[in-house]
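Please model the entire structure based on the sequences and the hints provided.
2 protein chains.
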Amino acid sequence: MIGRLNHVAIAVPDLAAATALYRDRLGARVSEPAPQPEHGVTTVFVELPNTKIELLEPLGADSPLARFLERNPDGGIHHLCYEVDDIAAASKQLEAAGTRILGSGQPRPGAHGKPVLFLHPKDFLGTLIELEQA
Amino acid sequence: MIGRLNHVAIAVPDLAAATALYRDRLGARVSEPAPQPEHGVTTVFVELPNTKIELLEPLGADSPLARFLERNPDGGIHHLCYEVDDIAAASKQLEAAGTRILGSGQPRPGAHGKPVLFLHPKDFLGTLIELEQA
Numbered sequence: 000m001i002g003r004l005n006h007v008a009i010a011v012p013d014l015a016a017a018t019a020l021y022r023d024r025l026g027a028r029v030s031e032p033a034p035q036p037e038h039g040v041t042t043v044f045v046e047l048p049n050t051k052i053e054l055l056e057p058l059g060a061d062s063p064l065a066r067f068l069e070r071n072p073d074g075g076i077h078h079l080c081y082e083v084d085d086i087a088a089a090s091k092q093l094e095a096a097g098t099r100i101l102g103s104g105q106p107r108p109g110a111h112g113k114p115v116l117f118l119h120p121k122d123f124l125g126t127l128i129e130l131e132q133a
Numbered sequence: 000m001i002g003r004l005n006h007v008a009i010a011v012p013d014l015a016a017a018t019a020l021y022r023d024r025l026g027a028r029v030s031e032p033a034p035q036p037e038h039g040v041t042t043v044f045v046e047l048p049n050t051k052i053e054l055l056e057p058l059g060a061d062s063p064l065a066r067f068l069e070r071n072p073d074g075g076i077h078h079l080c081y082e083v084d085d086i087a088a089a090s091k092q093l094e095a096a097g098t099r100i101l102g103s104g105q106p107r108p109g110a111h112g113k114p115v116l117f118l119h120p121k122d123f124l125g126t127l128i129e130l131e132q133a
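Chains F and R, in that order, give the protein sequences. Positions 0 to 133 (numbering that gives the first Met the number 0) are the ones given, in order, by the first sequence. Positions 0 to 133 (numbering that gives the first Met the number 0) are the ones given, in order, by the second sequence.
Simulated from the structure, these hints should not be mistaken for lab results. It should be emphasised that the depicted structure is a prediction, and the values quoted were computed from it without experimental measurement.
Pairs count within a copy or across copies, as identical chains cannot be separated in the list.
When the alpha-carbon atoms are kept at most 27 Å apart in a straight line, the in silico DSSO-like pairs for lysine-lysine are as follows: (1) Lys-113 - Lys-51; (2) Lys-51 - Lys-121; (3) Lys-91 - Lys-113; (4) Lys-121 - Lys-91.
Encoded structure:
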């Protein structure tokens, strides 16, 4: 079912400082920051040869990252995103196997405009998993 | 400096259950378990088209994962491993920039037999980073 690792998302308290760290200290190629008010985050992508690191800073009062950063004030790895060929079929198959899907359970447009859904961390080794339509 | 994401490591309390979850629930290709007594872990690799997920279970009384799993009993993402072309040069450059390297500060053979070192999570957005000689 799962294909490529699309990205690893790291929540950070200060996006400019985090971007500088990856660009200057680790010598990586980084994107411009992109505010995504509908998701409550601003994103910067670190482009690696085989995948991406998504740096996420809270945006607005109701950011889904606020609680995570309260518990992890230095930042931390927030989720892994795997690509799937058919997200509707994946969702159906996972639910039938007893996996809890967060929110409505229906795929919705994610930060890249493609349909995504999130699996409950308690069902996946303490890791929040995003599935994205490839 | 950094190249490919070599792997994402996930610490798990029960390697057989974690392997079954990735193989049966997510339909991924998984390796046989490999005990690595010198590192205090048993590893299973989940092979994705562009990178690997390394599932890690504690092995022996002094496993470096014991405390992590006490704090994260369901498991959790333990570290990210980036490849570098020249680990000695990377180490020197990072130390000169004020990055703390864990342990002796010298690269030592990692789980794949190649030289590795670990960077202090406090210096990297709350994430433990392994650098591995490509």
